[in-house]
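Asker: As a plain string of letters, each chain reads:
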Amino acid sequence: MSDSVLSLRDFTVSFPTLYGTVRAVRGLSLDVNPGEFVGVVGESGSGKSVTFLGMMGLLPKSAIVGGSAKINGEELVGASNRKMRSVRGQKISMIFQDPLSALNPVHRIGAQIEEMLGAHQSLSRQESERRVIELLDIVGIPQPDQRARQFPHEFSGGMRQRVMIAMAIANNPELLIADEPTTALDVTVQAQILEVLERIRQELDTAIVLITHDLGIVARVVDRVEVMYAGRAVERATVANLFDTPSHPYTVGLMRSLPALGRERLEPIPGSPPNMLEPPPGCAFAPRCAHAQAACSAEIPDLREGRSGLTACIRSHELQLEVGTRG
Amino acid sequence: MADTLLQVEGLVKEFDVRRNLGIRSQKLKVQAVSNVSFSVDSGETLGLVGESGSGKTTLGRCVLRLLEPTAGSIVFKGQEIVGLSSDGLRALRRDMQIVFQDPFASLDPKRTVQAAIAEPLEIQRVGGDHPQRVRELLELVGLSPDHARRYPHEFSGGQRQRIGIARALALNPSLLILDEPVSALDVSIQAQVLNLLGELQTELNLAYMFIAHDLSVVRHTSDRIAVMYLGKIVELGDSETIYENPAHPYTHALLSAVPVPDPEVERARQRIVLTGDVPSPINPPSGCRFHTRCPIAQDRCRTEEPAMRTVTGGQSVACHFPLEPGVTLVELAGRAAASA
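So the protein sequences, as listed, match chains A and B.
Just so you know, the numbering used here puts 218 at position 218 of the first sequence, and the rest follows in order with no gaps.
Just so you know, the numbering used here puts 533 at position 206 of the second sequence, and the rest follows in order with no gaps.
There's no promise every hint is true.
As the list claims (entries may be wrong) - Partial list, derived from the structure: chain A residues whose beta carbon lies under 7 Å from chain B:
hint : residue
1    : Glu-43
2    : Ser-44
3    : Leu-100
4    : Ala-102
5    : Leu-103
6    : Gly-158
7    : Ala-184
8    : Val-187
9    : Ala-240
10   : Leu-258
11   : Ile-269
12   : Ser-272
Stated by the list, open to error - Which chain B residues face chain A? A few, computed with CB under 8 Å, are given here:
hint : residue
13   : Ser-515
14   : Leu-581
15   : Ala-595
16   : Arg-598
17   : Val-600
Hints listed in this document are in silico derivations from the structure and should not be mistaken for laboratory results.
Just so you know, even glycine gets a beta-carbon here, dropped at the ideal spot from N, CA and C.
The task is simple: from the sequences and hints, build the whole structure.
Answerer: Structure follows, in structure tokens:
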């Protein structure tokens, strides 16, 4: 597909360490279409954040990034710093879990957003001030003209995250990557931030990738889901299909681990995620999977047709996977 | 009826804070916990939910007397523990233990698991074969007895939390305060620890005070639930009633904000999104503390503080206009907006 905004092919990220090479992302291919809201789900260490940090050139120099990552057909892997600076903030923006550490405490909010505008556009003083107020208004900050003159410490956690979103959309990027944007926030504030993201997608038609570990958030806002495990995509489906007919045992395991009505006893996934210094051969989930056979460890399974959507399980057609009670 | 293990009446905890006003500074008091009353029966789980700043952690620490309450009474097993001497406190802590949220910060990296779990036995001068007791405890929490010789860095987050639980159980307490015990863990590991806590409760007849911000976890684990907002309990009742028919508008809004892992339910749901943030506890709103964010607040809410009272369904609620069972906040807010 050439019309996708973002296209990753066999994307890899490795970190050399004293103990060997940690293979954090091991051949990930995915596409994000214009205006699409994609959820990337996985547990800690699944490679979900590292993938996008690597693509943006935001990892330490020691990280080895391979494969291909294209934004509108332009290759980012191996691109010059100068090229990356023009991409970051203009074509792709990213927001993070902790908005306070991303804001400069000694500069006014308005000035920080203007800096972002100035990096990619040439606007007059008045134009850029007007645009700041407009942006703060889009993300739902009341009295934007006064708030623009305040400092980060005068904002609550939810308001700071709104500021980050305003900054991220300042140059009308085609893709917004939101890495656990609500994890540090209370649920009532989380609901507000999710509404802001939905509004941006609708009104500005920005494609959004939402990285999260929370299946509830995924169910609420995204169109399509990529489930990651041990540095690879294990399932890809529309959100409705994913919850109706999950076709990878790991996805089912995640759902069964969640407390739900009528679920007296939780059914956790046994064991713990693999050590990425030496990932298991073949399917990385096989050591924890109740359905694993010898064939599962023979070679790394690619995504294939599942019950609805794509799955990286070679046995998905024989298995009758059931989640049981739904939340 | 099980016996009451813990009875808390009118508990208040104030902290001194300073506000800088240029060269001068102003002394202020924050009421982190404000006139809170509840009880815990032996063998039951009381869930304590609330957003950050609601006072739930402070409340847990006051019950253990890790913090000194400013006023109020805490009766544990028939004994008043506010004002207890340090000798009395040491005896008390055999019976009351805490498991902390962060399994990385709550274990000393330089001490073996053996030393960490045996420490309470040494502090309490409990005799007997400590290494044997540690092995038993490790098995009880689903770890291998051989793990006793290892150091914390050799364990994953879930395993460390199991070590923290083993340490808390070393003295055979009857009440465990679980302060966000699973919020630092991934869901698949979280489920393992929640199941373990459930098994231990049945096996050892433990009572839990389960402090958490994750409402679906609290519903799964708790017999009764107390919902806190800005230092006060606003609603208290058995967990099914609270979840099915919340009477306080805050409980209702909080529940509707929790994402449910089911896209059909999620997208069909009518949701009340509360505007704004939790106000500062330094200067809490007058009257009902929730009135600034409540979609159905009226004049009375701004001036008169609602007392806790029992409503149909057996739950207690601190609201002048509690919701009737079956009526949703969305409808009420719609009606209020129409008449305004």
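Asker: May I ask which of the numbered hints given earlier this structure violates, with the numbers listed in increasing order?
Answerer: 3, 4, 5, 7, 15
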